[in-house]
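Enquirer: Line order of the protein sequences matches chains H and F.
The first sequence begins at 15 in this note's numbering and counts up by one.
The second sequence begins at 1182 in this note's numbering and counts up by one.
Treat the hints with care, as some may be off.
Said to hold, decoys possible - Derived pair list, reagent style DMTMM-like, types lysine to aspartate or glutamate, alpha-carbon separation capped at 25 Å:
#, chain 1, residue 1, chain 2, residue 2
1, H, Lys147, H, Glu183
2, H, Lys318, H, Glu228
3, H, Lys318, F, Asp1337
4, H, Lys147, H, Glu114
5, F, Lys1400, F, Glu1231
6, F, Lys1274, H, Glu228
7, H, Lys197, H, Asp71
8, H, Lys318, F, Glu1231
9, F, Lys1226, H, Asp239
10, H, Lys145, H, Glu114
11, H, Lys197, H, Glu148
12, F, Lys1226, H, Glu228
13, F, Lys1377, F, Glu1401
14, F, Lys1310, F, Glu1343
15, F, Lys1289, F, Glu1303
16, F, Lys1377, F, Asp1365
17, H, Lys145, H, Glu186
18, F, Lys1361, F, Asp1337
19, F, Lys1226, H, Glu227
20, F, Lys1403, F, Glu1391
21, H, Lys318, F, Asp1365
22, F, Lys1289, H, Glu228
23, H, Lys157, H, Glu85
24, F, Lys1226, F, Asp1399
25, H, Lys92, H, Asp174
26, H, Lys72, H, Glu186
27, F, Lys1274, H, Glu227
28, F, Lys1274, H, Asp239
29, F, Lys1310, F, Glu1278
30, F, Lys1310, H, Glu227
31, H, Lys147, H, Glu90
32, H, Lys157, H, Asp71
33, F, Lys1289, H, Asp239
34, F, Lys1248, H, Asp239
35, F, Lys1310, H, Glu228
What the hints assert, rightly or not - Where chain H lies over chain F, by a calculated footprint (3+ residues, C-beta under 8 Å):
#, stretch
36, 1243 to 1256
37, 1272 to 1285
38, 1387 to 1395
Rather than coming from a laboratory, the hints here were simulated on the basis of the structure.
Quick caveat, the model's predicted, so the values are computed rather than measured.
Even for Gly, the Cβ is constructed at its ideal location relative to N, Cα and C.
Below, each chain spelled out in residue letters.
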Amino acid sequence: MFWTATRRVLRSGFVSFYRNSVISIAAILVVTITLLVIGSLLMTRAVMGYSLNQIRDKVDVNVYFNTTAPEERITELKRSLEALPEVRAVEYVSREQALEDFRVRHESDYLTLQALEELGENPLGAVLNIKAKEPSQYESIAKFLGGYSALVPDAPNIIDKVNYFQNKEVIERLTSIIAAGQKLGVAVTLVLIFISIVIVFNTIRLIIYISREEISVMKLVGASDIYIRGPFMVEGVIYGVFSTFLTMLIFWPMTYWLGANATNFLGGLNLYQYYLSNFFELTLVLLGAGAVLGVISAYLAVRKYLNT
Amino acid sequence: MIYYDKVSKVYPNAVALDSVSLSISEGEFLSVVGPSGAGKTTLLKLLLAEEYPTEGSVSFESVDIHKLSNGALTRFRRRIGVVFQDFRLLPGKTAYENIAFAMEASGKTDEEIAADVPHVLELVDLGEKLYNFPHQLSGGEKQRAAIARAIINQPDVIIADEPTGNLDPVSTHEVVQILKKINDLGTTIILSTHNKGVIDSLGRRVITLERGKIIRDDKEGKYVL
Chain H
15 MFWTATRRVL
25 RSGFVSFYRN
35 SVISIAAILV
45 VTITLLVIGS
55 LLMTRAVMGY
65 SLNQIRDKVD
75 VNVYFNTTAP
85 EERITELKRS
95 LEALPEVRAV
105 EYVSREQALE
115 DFRVRHESDY
125 LTLQALEELG
135 ENPLGAVLNI
145 KAKEPSQYES
155 IAKFLGGYSA
165 LVPDAPNIID
175 KVNYFQNKEV
185 IERLTSIIAA
195 GQKLGVAVTL
205 VLIFISIVIV
215 FNTIRLIIYI
225 SREEISVMKL
235 VGASDIYIRG
245 PFMVEGVIYG
255 VFSTFLTMLI
265 FWPMTYWLGA
275 NATNFLGGLN
285 LYQYYLSNFF
295 ELTLVLLGAG
305 AVLGVISAYL
315 AVRKYLNT
Chain F
1182 MIYYDKVSKV
1192 YPNAVALDSV
1202 SLSISEGEFL
1212 SVVGPSGAGK
1222 TTLLKLLLAE
1232 EYPTEGSVSF
1242 ESVDIHKLSN
1252 GALTRFRRRI
1262 GVVFQDFRLL
1272 PGKTAYENIA
1282 FAMEASGKTD
1292 EEIAADVPHV
1302 LELVDLGEKL
1312 YNFPHQLSGG
1322 EKQRAAIARA
1332 IINQPDVIIA
1342 DEPTGNLDPV
1352 STHEVVQILK
1362 KINDLGTTII
1372 LSTHNKGVID
1382 SLGRRVITLE
1392 RGKIIRDDKE
1402 GKYVL
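Just chain H, same shape as in the assembly (with noise of 0.2 Å):
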């Protein structure tokens, strides 16, 4: 019995859907247009995520050391800094290694690699590049190691700057530009995100609405609740599943051009490789939520219908 009642909901949903072809096909348009803001915010997002994890990349404390200080001083330090929670990663560049990428970045500076040359020795110290997990995380990196020379009080200061006093202010400002990036981006997220709801659950139940004599001789033929809802939430599935599939029709020229053109201004993230390696989980994203919003929409929809 359940099956067979189940068969019939299904059917009358596909022969309803076929036969109403003109609402169908404008059901699908609404719910399209829904599936396509919340596809870009899915987008929109990623591109957000990945400048900000640029961003965020480009930012480092570097402490310079003197160019007297002890190579197992350092590691000793480095390992001590890396022990710490906040601490992502800490890179140790060598004296040599330090003269060699001023050299390279100096390339076309005659000038200056003829005065290094005249210095004739190395007048770099090592480097260490540390990134935190967070940008606000610097600060306390830059205090623990303000008080890392008070640690060992005896041995001479190795630590020549720490040049978070001087990215401080840049630091912080970046620091509050992501998170309120953060902050907007989840905002206007959820406000289209609920003007798209709104749109296609006021479509659907237009869509009802035209039915509403049909639902209550349906009642009155004795039908029960679920047997007359049914076919009105399979066809909101089938507005879902048409819609998706439209949806990711769409974004195949859009993010194809996108990626060949539009690249570097969306901080070098590519938009169809995006889609491409995507393709699964933004399909099974959107159809989720245009089957569900199908579903809850034809469901409320009718309910108006069936108490009164």
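Assemble the complex: chain H is given as a structure, and chain F must be docked to it using the hints.
Expert: Leaving out everything else, chain F in the frame of chain H:
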């Protein structure tokens, strides 16, 4: 079988029924007449639990139908067939599907549906129009399809609310003949109508409503206003 006990129905600006008591026994063919606004449709809607009484109660086989749960109400409605003046067929379904829907709703098997639907459509002379949609049928054909839907589940009662109101004389005659035939097979019929010819040709019990009250109840009535 059906008993209206001092039923009143008051709408915000009008009294549709005023303390009406009425009993209808099994197998009866009852016609309800009266001018527009006399309360005929309200009387029938109360029996379907489409409306709730302001006072009094309506019982079917000694059960107050306005106290039924949602599920019990659905099952109760399957025992009643309804025919409306405006047919109320499902526009998105063919004649066949309209009738099959009533059977599906009451949980009949596919085999029963396949066997009974063509048969009942044959009975109301729509054997040729199984797969026509309502908009492809004439008024008389629509009403016959609606009757087929009303009788398909072999209900105990058929409620026909001005079923001939939109029909030409020939279709009216056909519809009345069908209702008579169904009544002869033992189904209780409650018919509301404006049509004098219909009432006079039936020669069955007639109640006359006026301003929400029963003013006549004749065993073999004629249309008198």
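Enquirer: If a hint holds in the structure, say so; if it doesn't, say that too.
Expert: Hint check:
1. H:Lys147 x H:Glu183: holds (18 Å)
2. H:Lys318 x H:Glu228: Answer holds: Lys318 (chain H) to Glu228 (chain H) is near 13 Å, not above 25 Å.
3. H:Lys318 x F:Asp1337: violated (30 Å)
4. H:Lys147 x H:Glu114: violated (28 Å)
5. F:Lys1400 x F:Glu1231: Not satisfied, since the Cα-Cα distance of roughly 28 Å exceeds 25 Å.
6. F:Lys1274 x H:Glu228: Since the Cα atoms of Lys1274 (chain F) and Glu228 (chain H) sit roughly 11 Å apart, the hinted pair holds (cutoff 25 Å).
7. H:Lys197 x H:Asp71: Holds - the C-alpha atoms of Asp71 (chain H) and Lys197 (chain H) are around 20 Å apart, at most 25 Å.
8. H:Lys318 x F:Glu1231: At roughly 15 Å apart (the allowed maximum being 25 Å), Glu1231 (chain F) and Lys318 (chain H) satisfy the hint.
9. F:Lys1226 x H:Asp239: Holds, at roughly 20 Å.
10. H:Lys145 x H:Glu114: holds (22 Å)
11. H:Lys197 x H:Glu148: Holds. Lys197 (chain H) to Glu148 (chain H) sits at ~16 Å (cutoff 25 Å).
12. F:Lys1226 x H:Glu228: Holds, because 17 Å separates the two Cα atoms, which is no more than 25 Å.
13. F:Lys1377 x F:Glu1401: Holds. Lys1377 (chain F) to Glu1401 (chain F) sits at ~14 Å (cutoff 25 Å).
14. F:Lys1310 x F:Glu1343: holds (24 Å)
15. F:Lys1289 x F:Glu1303: Roughly 20 Å between the alpha carbons, so the hint for Lys1289 (chain F) and Glu1303 (chain F) holds.
16. F:Lys1377 x F:Asp1365: Roughly 22 Å between the alpha carbons, so the hint for Lys1377 (chain F) and Asp1365 (chain F) holds.
17. H:Lys145 x H:Glu186: Distance of about 15 Å is within 25 Å: holds.
18. F:Lys1361 x F:Asp1337: It holds: about 15 Å lies between the C-alpha atoms, which stays within 25 Å.
19. F:Lys1226 x H:Glu227: holds (15 Å)
20. F:Lys1403 x F:Glu1391: holds (16 Å)
21. H:Lys318 x F:Asp1365: violated (40 Å)
22. F:Lys1289 x H:Glu228: holds (21 Å)
23. H:Lys157 x H:Glu85: holds (22 Å)
24. F:Lys1226 x F:Asp1399: holds (23 Å)
25. H:Lys92 x H:Asp174: holds (15 Å)
26. H:Lys72 x H:Glu186: holds (14 Å)
27. F:Lys1274 x H:Glu227: holds (14 Å)
28. F:Lys1274 x H:Asp239: holds (19 Å)
29. F:Lys1310 x F:Glu1278: Judged against 25 Å, a Cα distance of about 12 Å means the pair holds.
30. F:Lys1310 x H:Glu227: holds (23 Å)
31. H:Lys147 x H:Glu90: holds (21 Å)
32. H:Lys157 x H:Asp71: Holds, at roughly 21 Å.
33. F:Lys1289 x H:Asp239: Within the cut-off at roughly 17 Å; holds.
34. F:Lys1248 x H:Asp239: holds (18 Å)
35. F:Lys1310 x H:Glu228: holds (21 Å)
36. 1243 to 1256: holds (count 4)
37. 1272 to 1285: holds (count 5)
38. 1387 to 1395: violated (count 0)
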